[in-house]
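Asker: For reference, the chains in residue letters:
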Amino acid sequence: MAQTQSPTKEGYAEIAKLVAGEAANEVGKVCCIKTACVADETQTYAGVTKCTESGVSMVAADTVVTSQTTNPNDTVEVDHVFTAGETVTVKGFGVFNNIATPDVLFMICCFASDIPLENTDTLTIEGKMQFKLGS
Amino acid sequence: MSQAGIIVKWGAEIRDGHCPDCNAFLDVPTAEDKAEWRETKLLKRMCSQCGERKLGKLVVRLGAVEPPGGIDCVRFSCLWKYLLKSLRYVLVSLYHKHRIAYAMSHRDKDIPIRYRTGEPSPDSIWEAVKAILRLKVRR
Chain A
4 MAQTQSPTKE GYAEIAKLVA GEAANEVGKV CCIKTACVAD ETQTYAGVTK CTESGVSMVA
64 ADTVVTSQTT NPNDTVEVDH VFTAGETVTV KGFGVFNNIA TPDVLFMICC FASDIPLENT
124 DTLTIEGKMQ FKLGS
Chain B
199 MSQAGIIVKW GAEIRDGHCP DCNAFLDVPT AEDKAEWRET KLLKRMCSQC GERKLGKLVV
259 RLGAVEPPGG IDCVRFSCLW KYLLKSLRYV LVSLYHKHRI AYAMSHRDKD IPIRYRTGEP
319 SPDSIWEAVK AILRLKVRR
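Protein chains in written order, with this note's numbering: chain A, 4 to 138; chain B, 199 to 337.
Mixed in with the good hints, there may be bad ones.
[Said to hold, decoys possible] Now the stretches of chain B that chain A is said to cover, found in silico as 3 or more residues with beta-carbon under 8 Å:
#1 216-226
#2 261-271
#3 297-304
#4 324-336
Hints listed in this document are in silico derivations from the structure and should not be mistaken for laboratory results. Quick caveat, the model's predicted, so the values are computed rather than measured. Beta carbons are placed, not taken as given, at the ideal position from N, Cα and C, and that holds for glycine.
Go ahead and model the full structure; you've got the sequences and the hints to work with.
Answerer: Written out as structure tokens, the structure reads:
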């Protein structure tokens with residue numbers, strides 16, 4: 004019902020590997036989600052239905068930077084502009100790791116309502132992951 | 199043991215791809231358009247017919263509704279407050295769900311700007327109920 008969002012267990016593992024200096028990839032790609040969108044931490048790269056339509060498919064995010072929400076550089080901010088190349092209905096978007104064929108979903112956001120995009124419509128997104136004490 | 203965590207927040211905006219003046223298709227945003235968007239939060243694109251950069255019409259703006267925090271005591275008053283906060287969260291979320299569907303289905307029509315921007319958002323249970331009922335009448 005509500006617009007929902009969640010980091011994922013897959014993302015926790017990737018972040019832990021990065022902190023430990025093990026082989027892992029940073030945040031870097033975004034993709035719109037179609038058919039069904041459920042925002043909880045059990046979601047995986049393989050489990051979500053990614054859009055393949057022109058303009059809303061998997062692509063490198065326009066910007067990935069750290070920013071301040073509470074403390075300096077405590078937030079990873081991902082910004083992107085999708086420009087629909089055809090009519091498509093999207094239900095949310097995901098943030099993925101930065102390799103040619105991503106395999107880790109860091110976070111998922113599901114819209115409150117289906118979003119039917121028409122050709123050349125723009126969908127601008129801003130996703131933020133803040134690391135902090137408490138919830 | 200600490201309780202560190204990751205908090206996810208997001209926002210999104212949908213804009214029409216037609217020039218507001220001549221109705222021609224706007225060009226795909228360039229790197230410069232996107233760079234300006236990051237600064238100003240306004241995505242202007244070139245209209246090849248007018249020869250100017252234009253802002254597509256706002257269709258709808260989306261955003262997350264902050265869920266209530268956890269319960270920190272088990273007294274009746276705390277539980278009651280939590281129940282009210284949860285009810286407020288459900289109703290405000292429901293309002294935004296209907297608002298987005300309404301704005302999307304009336305994308306080419308003139309509707310009050312509050313249904314496109316989501317602002318001001320209802321703040322209390324009563325305001326949310328009134329806003330939902332007003333929207334139901336419109337639909």
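Asker: Each of the hints needs a verdict: does it hold here or not?
Answerer: Here's how the hints hold up against the structure:
Counting residues of the stretch 216-226 of chain B whose C-beta sits closer than 8 Å to any C-beta of chain A gives 4, which meets the bar of three, so the coverage hint holds. Using a Cβ-Cβ cut-off of 8 Å, 6 residues of the stretch 261-271 of chain B lie near chain A, which meets the minimum of three, so the contact claim holds. With 3 residues having a beta carbon nearer than 8 Å to a beta carbon of chain A, the stretch 297-304 of chain B meets the requirement of three or more and the stated coverage holds. Counting residues of the stretch 324-336 of chain B whose beta-carbon sits less than 8 Å from any beta-carbon of chain A gives 0, not enough to reach three: the coverage restraint is violated.
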